[in-house]
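Read off the chains here:
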Amino acid sequence: MTKAAAKEKKEKKSGSPAAAGPRKLEVKHLTRVEGHGNIIVKLDAKNHVQDCRWEIVEAPRFFEAMVQGRPYEDIHHIVSRICGICSIGHQLCSIQATEDAFGFNASEQTLELRKLALHAENLQSHLLHIGYLVLPDLLGVDSVLPLAQTHREELLNLVACRRVANEFSRLICGRTTHPQRLIPGGMEKIPTRAELQELQSKLEGSLSRMDRIVDLFAALADKWPDFKRPTEYVALVSPSEYALYSGEIGSSSDINRPASLYRQVTNEYCVPQSTAKWAKNTGESYMVGALARFNLNHRLLKPGARQAAQKLGLKAPEHNPYLNTVAQLVECVHSTEDSLEIIAGLLARGLKHETPPTIRVKAGKGVGAVEVPRGILIHSYEYSDEGRIISADCVIPTNQNHGNIQMDMDALKPMLSGLEPEAIELKLSMLVRGYDPCISCSTHLLDVSGTPARKLVKFVRV
Amino acid sequence: MPAKPKVAFFDFAGCEGDQLQVANLEERLLDLASHIDIVRFREIKSIKQDNYDIAFVEGSITRPEDEPRIREIRDRATILVALGACATIGGINCLKNFLSESEYRATVYGQFSRWYSTYAARPLSAVVRVDMDIHGCPVDRDEFARAVKELLLGKIYSPPDYPVCVECKMAGNICRYEQGKLCLGIVTRAGCKACCVSEGSVCWGCRGPAPDANMDAAGQIMDSHGFSWLDAQDHLRLYFGFNSRL
Ligand code: SF4
Ligand code: SF4
Ligand code: SF4
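Those protein sequences? They're chains A and B, same order as listed. Residue 436 in numbering that gives the first Met the number 0 is what sits at position 437 of the first sequence, and the numbering runs on without skipping anything. Residue 59 in numbering that gives the first Met the number 0 is what sits at position 60 of the second sequence, and the numbering runs on without skipping anything.
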């Protein structure tokens, strides 16, 4: 890919004039995704696709450099600003890495609350994606807003589910975006018994609402492009549960590895067409996200979620990347069911007020890995003995998917050839959108220098 | 301003958390959408139009090629609103301004850093005229709704000019300094109802300095509670980094 892109750049420079035939189709700043990405397609006179390219043009933000030299107490606060939609996941992953570096184990209750936080975020984000970002494509409109007239009942049902998901996030984490309660060591504040009970009944209400969303999407099943491309699927796996908060890194074509060995899987590299890095493992690319999780962990879904999958016609292994959205819907049902179980457990045992224990700071390295809505997220930190970051590495789901998106596009080419440009554009946009890319977070560091003499950053006075 | 103004959303370097807060208005967004004409909102809408009266802009300016884009937005809009800390005060992105550019480039992209363009992060107002600020990281949904309402009435919303402590006391919190923690509520602009303190945390300063913040007095408070300049600097650089000597 690198070579091809470089070659093309050269061609551009040498100014080979575009003949009358070939045309370029440019989707600049793809809409209904988070962040800035472009789809560039070259067509010949007969609308045959010569080349399509997925480019990331987001401004690089340098988070891994920004945290250098910072004390451990604010790392989770800073990194949550990598992504507004996955801010809870980034915080939890960061906290895991920090606790791992200092050899700290959080309490049972804290772990349960963190699992709830992750479910809440999954619900928030998935419902946004399913309802606001993807559904308009299936119904042939440009945004969710006109659905207020044409599909009012369905829309209000979706919005109501999403409102519960937001309230859920707020109740556990303090705020829906960039929450304040999650910290290394424990929780700054916990919900009350009465609040949890209220949440319980709201989530039960959501379950029946979700049934209706499942019916809606089951009825739209023929709207998905019929396209399959088997690839490697990577997600956290655990023998005991549908892994989200903890587990090993699993793959559909490789052994399981502990999170600390993530670099053996992610193998990141730079390509000139993108400010985000790409990743590959056993094949040319791999996929992370709801579909990867479903393919690897479907046996551990809660019963309602399994029923939903059946209704939606989703069966593992599923190789159609467009159906990632459908897998997200199945996960919404699962997250709701699992949350209800966790809440019941917390209520039965009684909520304890635990003041977060002091963390004993020491030099060390730690890795955190959690499943966020768009796939597996990894943070890896090295701390100095004052508890300040020496180096950080964050491997973000969308980065891991970029290569796979490009390979899907390449495989789609024959299917697209000859179609009207609008149809080509829509199919490609839907593909990328299906991955639910979070591009604003996808720009980031990997310490590629490999030099051992890494030291604390000297602050430069301005 | 027409009775049903055309509204557009734009983003530069940021996390899109502020636009998400707007989407998170849920039913209220549908309500709002009946009073304005949303002509451009990449996060939720495909069709884009280039004529708009109000532009909400999220994110910081972090590379030279952002400048012509924000200038064009400025030229087209009657009212330009900076949305969220990245846009109003440079936000968390300014943390990198304390590192040397060659260092942060190399840390993140190694030998490939020449492929990517970047310079010190700055707020929108460092490049173009801004008519209205909605502060916060992220913005507060209620405040956003209120600001839009005022715009519809032909007014410019002006955020509170007193510090977060005022709201913190109204919320009935125990002061974090009493608990041995460093809190920036004493110098930060209010408007969030001290939500972080109320949720158990401290104020990190995301709404930027209050217009008449007395930094010397703040220093004395931190000093008398045993905090060092390094502790203070750690906090101040999170959001007060642009244009202040920290
Ligand atoms: S101000 Fe905060 S919430 Fe808004 S874009 Fe910047 S980092 Fe995200
Ligand atoms: S906790 Fe912070 S915001 Fe509240 S009164 Fe104390 S210093 Fe002010
Ligand atoms: S309490 Fe401080 S950090 Fe929190 S929202 Fe308010 S101004 Fe921002």
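Derived by calculation from the structure, the hints in this document are not laboratory data. Please note that a few of the clues may not be correct.
[Claimed, not checked] Which stretches of chain A does chain B cover? Using the computed rule of at least three CB atoms under 8 Å from a CB of chain B, they are:
no., region
1, 67 to 81
2, 171 to 177
3, 368 to 379
Where a beta carbon is used, it is the ideal one built from N, C-alpha and C, also for glycine.
* **Structure versus earlier hints - violations, ascending order** => As far as the earlier hints go, only 3 is violated by this structure.
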